[in-house]
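There are 2 protein chains.
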Amino acid sequence: MNFKILSTDINSRRGIIETKRGTINTPAFMPVGTIGTVKAMSTDELKEMGVEILLGNAYHLYLRPGHDVIAKLGGLHRFMNWDLPLLTDSGGFQVFSLAALRKIDKNGVHFRSHIDGSLHFIGPAEAMKIQGILNSEIAMTFDECIPYPSSYEYTSRSIELTTLWAKKCKEFQNNDQALFGIVQGGILKDLRKKSSEEIINIGFDGYAVGGLSVGEPKELMHEIIYFNAPLLPLEKPRYLMGIGDLGDIMKAVEAGFDMFDCVIPTRNARNGTLFTSSGKISIKREEFRSDSTVLDPDCNCYTCRNYTRGYLRHLFLSKEILSMRLNSIHNLFFYLNFFKNMRESIEKGTFREFKDRWDNIFQ
Amino acid sequence: MNFKILSTDINSRRGIIETKRGTINTPAFMPVGTIGTVKAMSTDELKEMGVEILLGNAYHLYLRPGHDVIAKLGGLHRFMNWDLPLLTDSGGFQVFSLAALRKIDKNGVHFRSHIDGSLHFIGPAEAMKIQGILNSEIAMTFDECIPYPSSYEYTSRSIELTTLWAKKCKEFQNNDQALFGIVQGGILKDLRKKSSEEIINIGFDGYAVGGLSVGEPKELMHEIIYFNAPLLPLEKPRYLMGIGDLGDIMKAVEAGFDMFDCVIPTRNARNGTLFTSSGKISIKREEFRSDSTVLDPDCNCYTCRNYTRGYLRHLFLSKEILSMRLNSIHNLFFYLNFFKNMRESIEKGTFREFKDRWDNIFQ
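Just so you know, the sequences run in chain order W and C. Our numbering puts the first sequence at residues 6 to 368. Our numbering puts the second sequence at residues 6 to 368.
In isolation and in its complexed conformation, chain W is listed as follows:
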């Protein structure tokens, strides 16, 4: 994996990540393909709108269908019919947010599946083994994700564990697979600094900031975003995990982050909340009943090229599968296009104007 910064605008960076399976333009948005599919979408549709990398969840795929099954079916790329780059998370976040009855020791976490209650164990060695079998281009270290609020003491002990696990992950790094380290530390700046230093000392191909957007006030999250970014090496990709609100993303890009993943565009789509160049709209509203205009006249997606707001409202109210399809296509296209324009603004040195304009619209 190779990362190049092509241009900068103050702290925001416009770069490329090169992998054997393709190039990723940064700042990059990675749609989430939780259990082997980006919900409601085909991989052809994702390619066509310019998606360059997808995220797969090791925890979900480990439980269902099982990484052994995916191995037999030729690895995650073949399994889900996606031949461009994949990033897999380590399962850390899901073990701590979805699984029940966790018991943590220095080797990893015992937990019960959120699907059937069965007992499992994942630690750094297991997380690396699973991700090796999934055969993603970028793997993530296994970390402890603590809730908000957590005490200083607990957070302090937790980042020690995360550092210990990161070292183990590095030891078990798979051939031909980039590995990103994850910085934790909650909302405590000195612990964020300590965690950053420890993770950087181990040495990874890229660095991620985890443990945000877990319930803390937005202002605190923004503070940590701006605080943590400059603590990470300039020459490596910086990934802000799980943050997908466009306002938050612009702040993070301003701080110097390069990579993002989030279910917001697809989840909102399924709930009928659609992004447009004049703000978010709820497609179910009565005013759209006989509206023969397209969702967003400035949008060139498949949905906006072919369907009226009236039709989209009808599909949504009728709970048709096509509603989730057309809405997901539109929202993802909107995100991809937003990132493309954001990258161009960095190239032109107009990122600040870009950010001001969109902050106004999404306020």
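Just so you know, these hints were derived from the structure itself, not from any lab. Errors might be hidden in some of the hints.
[As the list claims (entries may be wrong)] Calculated lysine-lysine pairs in the DSS-like style (CA-CA distance at most 25 Å, straight line):
| hint | chain 1 | residue 1 | chain 2 | residue 2 |
| --- | --- | --- | --- | --- |
| 1 | W | K52 | C | K289 |
| 2 | C | K111 | C | K241 |
| 3 | C | K289 | W | K77 |
[As the list claims (entries may be wrong)] Chain W stretches covered by chain C per the calculated footprint, using a threshold of three residues with CB under 8 Å from any CB of chain C:
| hint | region |
| --- | --- |
| 4 | 38-52 |
| 5 | 293-306 |
| 6 | 322-331 |
| 7 | 355-361 |
[Claimed, not checked] Partner residues aside, some chain W positions facing chain C, computed with beta carbon under 8 Å:
| hint | residue |
| --- | --- |
| 8 | R69 |
| 9 | H72 |
| 10 | V74 |
| 11 | K77 |
| 12 | L78 |
| 13 | G79 |
| 14 | F84 |
| 15 | A130 |
| 16 | H319 |
The beta-carbon is built from N, C-alpha and C at its ideal position, and this holds for glycine as well.
Model the placement of chain C on the given structure of chain W, informed by the hints.
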């Protein structure tokens, strides 16, 4: 509308229906686009697999979003982004199978919506008006669909009403819209004969047989299929309504029917029952867990070109939307291909062999 028979094989017919919006090869399968979408499918996908005509349901579209809304949105073709031919049913079948609290008089039916209980009235005049606004290429007369079993007396009075309504529909026939008459009469041969004669006397662009597959034993249904077909004019298209089991379809084609519609391929797809060249399979079965082969090696559909049985099983068990998409694509493609091969067998004079082969597979 123009109908030509290109070749016959005993009583089976291979023909074309020409409309302003395109040609339909017969025997034709019409996927059902109940409320403005074939469930889980895009119209591009339907076109790509060779669908030449879709069915829309007047009853459903009248209730939701309302034909007034569809009028404002440019008619049903524009509404659902389908520029090839459409056939609309009249609403008769749904009024009698879905709606509550029906009160029938000679002008039509008072009923309550199955969605919100609101009161409505549809008769022949209303059915023609709705279908005119939907602007389909082929409209259907408004008929009474009686349940099985029904007494001789009730059936006899019912076909009188259906004849009366058919006359009214003919009076109100829309410009530039073909109109098909519907024959009723339950499983009573003399009443089927009487209804056929009366409907033919009025004179329509095509003739449909309705009121079958409403609970009667299969043997009785087959008897009526073989009995009713030759009572209809040779030179007009013959449409067997709502019958979609492939075994039944082959019998009906053998009897001389030309057009079919059914939700079987899409509904089965959503339930995980998939058609293959060696029979039906349930994709959820344990044996497919790590199966790296494609669904049907003889199939060239998008699903079979790109995905393994193991992946399809995983998507189905995970209740992913993509499961319904890929399964619907496959089953519809299978049906379209089945009809294509059936048409070729009629051209070659080998329909009997075609039928024997498939009867064996689907037994």
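Tested hints:
1. W:K52 - C:K289: Not OK: W:K52 and C:K289 at ~29 Å, beyond 25 Å, violated.
2. C:K111 - C:K241: Cα-Cα ~29 Å, so violated.
3. C:K289 - W:K77: 18 Å, holds
4. 38-52: holds (count 7)
5. 293-306: With 3 residues close enough to chain C, the hint holds.
6. 322-331: Coverage by chain C holds here, the residue count being 7 at a Cβ distance below 8 Å.
7. 355-361: With 0 residues close enough to chain C, the hint is violated.
8. R69: It holds, given that the least Cβ distance between W:R69 and chain C is near 6 Å, below 8 Å.
9. H72: 12 Å, violated
10. V74: 5 Å, holds
11. K77: Status holds, d = 4 Å.
12. L78: Holds - the Cβ of W:L78 comes within 8 Å of chain C, reaching about 5 Å at its closest.
13. G79: Cβ of W:G79 sits 7 Å from chain C, so the hint holds.
14. F84: This hint holds: W:F84 lies near chain C, its Cβ roughly 6 Å from the closest one there, short of 8 Å.
15. A130: It is violated, given that the least Cβ distance between W:A130 and chain C is near 24 Å, above 8 Å.
16. H319: 4 Å, holds
Hint compliance for this structure: hints 1, 2, 7, 9, 15 are broken, all remaining hints hold.
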